[in-house]
Each structure stands twice: as C-alpha cells, then as structure tokens.
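**Student:** Input sequences plus hints: build the corresponding full structure.
Residue numbers (the numbering used here): 21 to 160.
Since the hints were made in silico from the structure, they are not lab data. Just so we're clear, the structure is a prediction, and the values are computed from it rather than from any experiment. It is possible that part of the hints are untrue.
Stated by the list, open to error - Restraint ranges, calculated between C-beta atoms of paired labels, are given here:
| no. | residue 1 | residue 2 | range |
| --- | --- | --- | --- |
| 1 | I22 | R97 | 39 to 47 Å |
| 2 | L104 | A31 | 18 to 26 Å |
| 3 | P69 | L35 | 28 to 36 Å |
Cβ atoms here follow ideal geometry from the backbone N, Cα and C, with glycine treated the same way.
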Amino acid sequence: MIFRAPVDLDALNRLSQGTLIEHLGIVFTAAGEDWLRATMPVEPRTRQPYGLLHGGASVVLAETLGSSAGNLCLDTRRQMAVGLEINANHLRAVREGVVTGTARALHVGRTTQVWEIRIEDERARPVCVSRLTLAVVPVG
21 MIFRAPVDLD ALNRLSQGTL IEHLGIVFTA AGEDWLRATM PVEPRTRQPY
71 GLLHGGASVV LAETLGSSAG NLCLDTRRQM AVGLEINANH LRAVREGVVT
121 GTARALHVGR TTQVWEIRIE DERARPVCVS RLTLAVVPVG
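**Tutor:** Structure representation (structure tokens):
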C-alpha cells in the first residue's frame, strides 16, 4: 500500500466542500492500495459552448485525483504535494452522463511524484489520459 492510511472517502469529499472540486460535482467514490477514483457529471457546469465535456474540466478532475492521491502518501502535517506539471490527451467527446477518473502512481519519491490519470465514460471507453507531476514541499 502506498497510502499512509486507509483512504477515508467521506473525509476527502468533506475537504472538497466550498472548492472548485465541489462546484464541478466531483465526488471521490473508491480507492485501492495504489489508486484513487472519482466521478464528475457531464452537464452545463462541465461542458464547453458546443455541448461537449470541456477539456479543462477533465484536467481539473485529473489534477484533483492526482493531487489528492499524492497527499495521501504523505504526512500532511510536515509535507504536501503540489502540482508542478500536467498534460492531458483528450481521446473521446462526451456530451452527457458521468465520467470516471482513476489515478495510479507511476513514481512516489521523496521530492517528486508522478501520477497517471485515466478518465472514462459510462461505457468504460477512454475519454482522457493525463500525467501529473507533483512536487513534495514542506508545509509552512
């Protein structure tokens, strides 16, 4: 297990209250020994003007998952993981429903972490694949 403790999904969702995460309807739904999953609705808040899931919303879901998972690997009283670089390849258009993202660690080091986030539609077809690099920095 790469996380410091069992993942408390309710705590993650409470931490998201009043943030962009809550505003976009992102909800943490599941976790394993080395992965974290969340969903996001495809609706007016997350669509671009042409009716498709906004690429930026997919990136927010990816960064939310990777950053949250990264911080679950740390003693957050002493360190935190912050985004250093993110990329995203948008593979399929989505007009409605719910997308699901899953973050998996590629590298968890002392000073950096790299996470791969795959976002799928309701039929488990790939929508977006993203890679997030996090810097591990001291708190305060």
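**Student:** The structure should be examined with respect to each hint, and the outcome stated for every one.
**Tutor:** Against the structure, the hints come out as follows:
no. : hint                      : result
1   : I22 with R97: 39 to 47 Å  : violated, 18 Å
2   : L104 with A31: 18 to 26 Å : holds, 25 Å
3   : P69 with L35: 28 to 36 Å  : holds, 31 Å
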